[in-house]
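Q: Residues per chain are reported as follows:
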Amino acid sequence: RKEVEQDPGPFNVPEGATVAFNCTYSNSASQSFFWYRQDCRKEPKLLMSVYSSGNEDGRFTAQLNRASQYISLLIRDSKLSDSATYLCVVRRDTGNQFYFGTGTSLTVIP
Amino acid sequence: NAGVTQTPKFQVLKTGQSMTLQCAQDMNHNSMYWYRQDPGMGLRLIYYSASEGTTDKGEVPNGYNVSRLNKREFSLRLESAAPSQTSVYFCASKPGQGAQPQHFGDGTRLSIL
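Here the protein sequences line up with chains C and P, keeping their order. Residue 110, in the working numbering, is where the first sequence stops; the numbers in between run on with no holes. Residue 113, in the working numbering, is where the second sequence stops; the numbers in between run on with no holes.
Note that these hints are calculated values from the structure, not bench results. A few of these clues could be false.
[Unchecked claim] These stretches of chain C come out as covered by chain P in the derived footprint (C-beta under 8 Å, 3 or more residues):
(1) 39-47
(2) 101-107
[Unchecked claim] Derived, one-sided and incomplete: chain C residues facing chain P with beta-carbon distance under 7 Å:
(3) S32
(4) F34
(5) N96
(6) Q97
[Stated by the list, open to error] If you want the footprint, here are the derived chain P segments under chain C, 3+ residues with CB under 8 Å:
(7) 11-17
(8) 78-84
Since the model is a prediction, treat every value here as computed from it, not as a measurement. Don't be surprised by glycine CBs; every beta carbon is placed ideally from N, CA and C.
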């Protein structure tokens, strides 16, 4: 079983829509969680860390459900510039390794 | 701010050739990483260095070697390139052990014929 699993999509949504992505992780020892954004042929860039109580950054909201071992990302009022691949990243409490999902592709349509 | 710098940006090799990918960071980070990204596979860890003077294998280390030259620099070497090593390679760094996120370089696109 993969350490981190994401629905690859693609998600095609109109401007202004709300879209949500989920990501599941297999190891209950996972302790740190992140969402990264990757544009085509570019490097991954940190979008936001995910905290136990959930957190919000402008139009973006991240949630963590430890009991069900998944994290989510909600994007409100989608913009054309939100079109990208969103990567779910998990780190265990031991060791120094990060585990990446394969990414979810989002296209926001005018 | 340069952040994480990778060289070269692009490279084409023939099977059997060797080369070294360079990575340098100017953020005084302790931990550095090398990943490869292939279609449908996500980023996979090749090697990492938790601190200067230490290196450890990741998920896919075969065919690669690394050197943590100093705190700033972490190089990845392909001794005898194979077509299966055609990929996009990313270097990343983070301040230390713990929950901080990683910062990535802009990648090296490597093709092996």
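Q: Take the hints in turn and mark each one as holding or not.
A: Evaluated hints:
{"no.": "1", "hint": "39-47", "in the structure": "holds (count 5)"}
{"no.": "2", "hint": "101-107", "in the structure": "holds (count 3)"}
{"no.": "3", "hint": "S32", "in the structure": "holds, 4 Å"}
{"no.": "4", "hint": "F34", "in the structure": "holds, 5 Å"}
{"no.": "5", "hint": "N96", "in the structure": "holds, 5 Å"}
{"no.": "6", "hint": "Q97", "in the structure": "holds, 6 Å"}
{"no.": "7", "hint": "11-17", "in the structure": "violated (count 0)"}
{"no.": "8", "hint": "78-84", "in the structure": "violated (count 0)"}
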